[in-house]
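Protein chains: 2
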Amino acid sequence: MKDRLPRKLAAILYADVAGYSRLTGEDEDATHRTLTEYLDLISSTIESHGGKVMHYAGDAVLAKFEAVVDAMSAAVAIQDELKTRNEDVPDSRKVQFRIGVNLGDVIEDRGDIYGDGVNIAARLESLAKPGGICISDAVRSAVGKMLARASP
Amino acid sequence: MKDRLPRKLAAILYADVAGYSRLTGEDEDATHRTLTEYLDLISSTIESHGGKVMHYAGDAVLAKFEAVVDAMSAAVAIQDELKTRNEDVPDSRKVQFRIGVNLGDVIEDRGDIYGDGVNIAARLESLAKPGGICISDAVRSAVGKMLARASP
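Protein chains in written order, with this note's numbering: chain A, 4 to 155; chain B, 4 to 155.
Please note: incorrect hints may appear among the correct ones.
Note that the list lumps identical chains together, so a pair holds whenever it fits in one copy or between two copies.
In silico SDA-like pairs for lysine to any residue, Cα to Cα no more than 20 Å straight-line [claimed, not checked]:
hint: 1; residue 1: Lys11; residue 2: Glu29
hint: 2; residue 1: Lys132; residue 2: Leu42
hint: 3; residue 1: Lys97; residue 2: Gly134
hint: 4; residue 1: Lys55; residue 2: Pro93
hint: 5; residue 1: Lys86; residue 2: Gly53
hint: 6; residue 1: Lys86; residue 2: Tyr23
hint: 7; residue 1: Lys97; residue 2: Ser51
hint: 8; residue 1: Lys97; residue 2: Asp32
hint: 9; residue 1: Lys86; residue 2: Leu130
hint: 10; residue 1: Lys55; residue 2: Arg113
hint: 11; residue 1: Lys86; residue 2: Asp115
hint: 12; residue 1: Lys11; residue 2: Asp30
hint: 13; residue 1: Lys55; residue 2: Gly114
hint: 14; residue 1: Lys86; residue 2: His35
hint: 15; residue 1: Lys11; residue 2: Ala70
hint: 16; residue 1: Lys11; residue 2: Ala145
If you are wondering where the hints come from, they were derived from the structure by calculation, not from laboratory data. Nothing here was measured: the structure is a model prediction, and the numbers come from that model.
All chains should be modelled from the sequences, with the hints used to inform the complete structure.
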């Protein structure tokens, strides 16, 4: 029998752009310029909150944190800053991210993370509103009262 | 006015696992082991056909080729080999990839490719059957009669 693959507990943040295909189809250049600007912002916010970007995939970012509170703070900081940057942009051209945050064991391999905990973060993300954050019960329990202060 | 971002014509191959969340939920270790084995196979097949992997994202791979015929040959070779490896695996545990192949201009930036052509490859992929390949009209026109020989 094969050894069980090692696991490590992580807070998992998954983000991607709401309506990316539509935005790209309407204006490929403008969408790409805004996307790269926002991905830079997201990446630096993740790092300044102690997280690590595991991969980019088009309009998507996957990151892990060693503390749930850091993942939540980063998610809130990202959405706050993007809201400000999007304020003067017409609704149809706003590049808005959805964010999912989950907490669970992940398989670390080849510089990326895998497993159910990651897939659930991506599913939570798809449930978030544009500009919003969707978290799992595990995250809610872990951060407790901090949410009342931090939720956008 | 900003300069138009440079474009380059590419054949775009996008692949990911059909039912990955279900497979992972049922057996995280076995799914991850098979996934990494198959991703290695896919990566080496892409390279041996003159393609380049642009990124991995969990169970997904994005690659570009400078010739459509190379992208199609790689896609067919991948599905042929995976079919063989899956032969003795029970249906519920088969790790099968869907593949989408598109042809179009892409924006190359930061070691990845972006734009409508990439998004369409991902949409085609979602329309493919597990173990199958879904191609755009542009690809069909470009490869012409080669398809009759190469389709699995």
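**OP:** Could you work out which earlier hints the structure fails to respect and list their numbers in ascending sequence?
**Re:** 4, 5, 7, 11
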